[in-house]
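Asks: Chains as they are written, first to last, in our numbering: chain F, 1 to 173; chain Z, 1 to 209.
Worth flagging that the hints you see were computed from the coordinates, not collected in a lab.
Mixed in with the good hints, there may be bad ones.
Said to hold, decoys possible - Below, a sample of chain F positions facing chain Z; criterion: calculated Cβ distance under 10 Å:
# : residue
1 : Asn48
2 : Ala62
3 : Ala119
Stated by the list, open to error - Derived DSS-like pairs: lysine-lysine, alpha-carbon spacing no greater than 25 Å straight-line:
# : chain 1 : residue 1 : chain 2 : residue 2
4 : F       : Lys145    : Z       : Lys198
5 : Z       : Lys10     : Z       : Lys162
6 : Z       : Lys10     : Z       : Lys97
7 : F       : Lys145    : Z       : Lys201
Quantities reported herein were computed from a predicted structural model and do not represent experimental measurements.
Glycine is no exception: its CB is placed at the ideal position from the N, C-alpha and C atoms.
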Amino acid sequence: MELILIFISASLINNFVLTYFLGMTTFVMTLTAAATWPIYNYVLVKFNVPFLQYVAFIIIIAALVQFVEMYIRKASPSLYRALGIFLPLITTNCAVLGLALFMVMREYSFLESIVFGFATGAGFTLAIVMMSGIREELEFADIPKHFQGISITLIIAGMMALAFMGFAGLIRG
Amino acid sequence: MANNLGYEFKKGLWQELPPFRLVLGLCPTLAVTNSAVNGLAMGMATIFVLFTSNILISLVRRTISSQVRIPAYVVIIATLVTVADLFLAAVFPAISKSLGPYIPLIVVNCIILGRAEAFAQKNSILPTAADTLGIGIGFILSLTLMGTIREILGFGSIFGVKLLGSWFEPWIVMILPAGAFLVFGGLVALVNWISSRKTEKAAEAAMSR
Chain F
1 MELILIFISA
11 SLINNFVLTY
21 FLGMTTFVMT
31 LTAAATWPIY
41 NYVLVKFNVP
51 FLQYVAFIII
61 IAALVQFVEM
71 YIRKASPSLY
81 RALGIFLPLI
91 TTNCAVLGLA
101 LFMVMREYSF
111 LESIVFGFAT
121 GAGFTLAIVM
131 MSGIREELEF
141 ADIPKHFQGI
151 SITLIIAGMM
161 ALAFMGFAGL
171 IRG
Chain Z
1 MANNLGYEFK
11 KGLWQELPPF
21 RLVLGLCPTL
31 AVTNSAVNGL
41 AMGMATIFVL
51 FTSNILISLV
61 RRTISSQVRI
71 PAYVVIIATL
81 VTVADLFLAA
91 VFPAISKSLG
101 PYIPLIVVNC
111 IILGRAEAFA
121 QKNSILPTAA
131 DTLGIGIGFI
141 LSLTLMGTIR
151 EILGFGSIFG
161 VKLLGSWFEP
171 WIVMILPAGA
181 FLVFGGLVAL
191 VNWISSRKTE
201 KAAEAAMSR
């Protein structure tokens, strides 16, 4: 009985952390798009210093993550403890900085940037949830010794990337 | 001392080979290695930032208080990445264009911040230089290897030189993101295999003695 209880609580709590962490990434990405767009277009371009964009973006992202962290610590200490080190690590998620850089390269408008930020975050969430589902099944799979761990995970990611390529023709039609 | 420096240098080449052993710095490893030239250029840009930023961090390690060290390091790294990016854009415009946003993404390359945290903030300049050069050269070799494999399979060429004749049907998938994951996964398995064989041999040698 106790084992079942541990099983249920662990799986639920794990999922809880996973959902919240991913929700946080989407949230941070949307915020990043909303914050970096005006700063790039109204400050960096206006004062003719767009070469400072990398320094500016990484500071904005670090500050945003810090604010989100402070808010969560205040609002939900248990969630804060559960997320632990992974919350500040959102700063070094290259998808977040990449988002700001692509936004500038593709010259998106403010609204387009926000939608782009949210959609990128949602796509990231989808990919990670699918990946964790597959990895759960892997526990029972008979994998060759040297492929165990990171190697097989990467190969699965490759297969998922192949599957996602199927969507590539969707927009241009 | 000299022995120590040698060790700090050598560990980056196999024992702590960044992408395959530490599994850090995946973003550039996967994204830009669709040809050998791109892999080499990315590795060069990364070693420049890694080396200079860690030397600087090692120099100022006693001045920066530990509460604000991460933002301070990140600003140092971002400044040096800007230097590397402007240099590439001015001197090698073609390479800079094909690497695109992945040069600025060196800012969030875990290898650099990881070395700063694990090594540069605790050590003086000489060991830091040896450590970052070792790790950096390991990273360059790994990226070039990835790029070479993917270029041979995806285009049938090496460094832009046609290697395989017209009979060879290029595997387009190898230059796409999916190919990056597949090649990288295979190489991680290969590294695992080689190192487990090494330990087995060492064990056998110890037995026979």
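Asks: Could you run down the list of hints and mark each one as holding or not?
Replies: Evaluated hints:
no.: 1; hint: Asn48; in the structure: violated, 15 Å
no.: 2; hint: Ala62; in the structure: holds, 6 Å
no.: 3; hint: Ala119; in the structure: violated, 17 Å
no.: 4; hint: F/Lys145 to Z/Lys198; in the structure: holds, 15 Å
no.: 5; hint: Z/Lys10 to Z/Lys162; in the structure: violated, 34 Å
no.: 6; hint: Z/Lys10 to Z/Lys97; in the structure: violated, 33 Å
no.: 7; hint: F/Lys145 to Z/Lys201; in the structure: holds, 17 Å
In this structure, the earlier hints numbered 1, 3, 5, 6 are contradicted, and the remaining ones agree with it.
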